[in-house]
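For the sequence shown, UniProt numbering begins at 1 and goes up steadily by one.
Among the hints, a few may not be true.
Simulated pairs of lysine-lysine, DSSO-like, Cα-Cα distance not exceeding 27 Å [said to hold, decoys possible]:
#1 Lys43 with Lys15
#2 Lys34 with Lys15
#3 Lys106 with Lys43
#4 Lys59 with Lys34
#5 Lys19 with Lys47
#6 Lys43 with Lys19
#7 Lys147 with Lys106
#8 Lys19 with Lys34
#9 Lys47 with Lys59
#10 Lys34 with Lys106
#11 Lys34 with Lys142
#12 Lys35 with Lys147
#13 Lys59 with Lys106
#14 Lys15 with Lys83
#15 Lys43 with Lys147
#16 Lys19 with Lys35
#17 Lys106 with Lys19
#18 Lys35 with Lys47
#19 Lys47 with Lys15
#20 Lys59 with Lys35
#21 Lys142 with Lys83
#22 Lys19 with Lys59
#23 Lys19 with Lys142
#24 Lys106 with Lys47
#25 Lys19 with Lys83
#26 Lys147 with Lys15
#27 Lys83 with Lys106
#28 Lys47 with Lys34
#29 Lys43 with Lys59
#30 Lys35 with Lys15
I should point out that these hints are in silico values taken from the structure, not numbers from a laboratory.
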Amino acid sequence: MASSEPRWNFVALEKTHQKDTFDCGYPNLNEYLKKYARQNHNKSIAKTFAAISPSGSLKIEGYYTVSASTIEYESLPPSDRSKIPAYPVPAALIGKLAVDRSAQGKGLGGELLVDALLRSLRASQEIAIYAVRVDAIDERAKEFYLKYEFIPFEDRPLSLFLPLATIAREFA
Numbered sequence: 001m002a003s004s005e006p007r008w009n010f011v012a013l014e015k016t017h018q019k020d021t022f023d024c025g026y027p028n029l030n031e032y033l034k035k036y037a038r039q040n041h042n043k044s045i046a047k048t049f050a051a052i053s054p055s056g057s058l059k060i061e062g063y064y065t066v067s068a069s070t071i072e073y074e075s076l077p078p079s080d081r082s083k084i085p086a087y088p089v090p091a092a093l094i095g096k097l098a099v100d101r102s103a104q105g106k107g108l109g110g111e112l113l114v115d116a117l118l119r120s121l122r123a124s125q126e127i128a129i130y131a132v133r134v135d136a137i138d139e140r141a142k143e144f145y146l147k148y149e150f151i152p153f154e155d156r157p158l159s160l161f162l163p164l165a166t167i168a169r170e171f172a
């Protein structure tokens, strides 16, 4: 029988979280978590949310960052441009998303993404958000986002977006 207990808790990054051993395979994402995530979180530059075990361990198994952003009108596919005014639209940016090697292949990346999308959906009740955007680190990451219906921008092939209307429909 499958357990109904969550496999991870998604919480705001705290000083007590163990980040020194985090290794996702991308040095720049490891370095960001270890050196910059807390200060950016505290300064509200980018909020960082960590996946930790519900067992009480403080080891970070994955993380993502989210912040405010915009999407340039010209970057959108023609089908989306026809629906909105011809100026930049507000967006939530998932700036980083990474899973420690010890937790890779267990579905954590998808759960981190869903948590970020739901967090953005909740924020859209208070502030305008047209879409969630991401900048994939490489083609492999781009393929991950495409599985979740993200749409590539016209002018930046590793940058993608997911309209909030799609997110709301999926989680209604």
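- Task: Would you check the hint for lysine 106 and lysine 43, treating anything up to 27 Å between C-alpha atoms as holding?
- Result: Status violated; Cα separation ~32 Å.
- Distance restraint between lysine 19 and lysine 47, which requires alpha-carbon spacing of 27 Å or less: Given pair lysine 19, lysine 47 holds - Cα atoms ~16 Å apart, limit 27 Å.
- Are the Cα positions of lysine 35 and lysine 147 separated by 27 Å at most? With Cα atoms ~31 Å apart, lysine 35 and lysine 147 exceed 27 Å; violated.
- Keeping to a limit of 27 Å between CA atoms, is the pair of lysine 34 and lysine 142 held or broken? At roughly 24 Å apart (the allowed maximum being 27 Å), lysine 142 and lysine 34 satisfy the hint.
- Query: Are the Cα atoms of lysine 147 and lysine 106 separated by 27 Å or less?
  - Reply: 16 Å, holds
- Task: Take the C-alpha atoms of lysine 147 and lysine 15, compute the straight-line distance between them, and say whether it is at most 27 Å.
- Result: Status violated; Cα separation ~33 Å.
- Message: Hinted pair, alpha-carbon criterion (27 Å max): lysine 83, lysine 106. Please report holds or violated.
- Response: 38 Å, violated
- Proposed proximity, lysine 59 with lysine 47 (alpha carbon, max 27 Å): 18 Å, holds
- Starting from lysine 19, check that the Cα of lysine 142 is at most 27 Å away, please. Given pair lysine 19, lysine 142 holds - Cα atoms ~25 Å apart, limit 27 Å.
- 27 Å limit on alpha-carbon distance, applied to hinted pair lysine 59 and lysine 35: The given pair, whose Cα atoms are some 16 Å apart, holds under the 27 Å limit.
- Message: Holds or violated: lysine 19 and lysine 59, Cα atoms, limit 27 Å.
- Response: 7 Å, holds
- Straight-line alpha-carbon gap lysine 59 to lysine 106, limit 27 Å: 16 Å, holds
Hints 3, 12, 14, 15, 25, 26 and 27, counting from the list given before, are not met by this structure.
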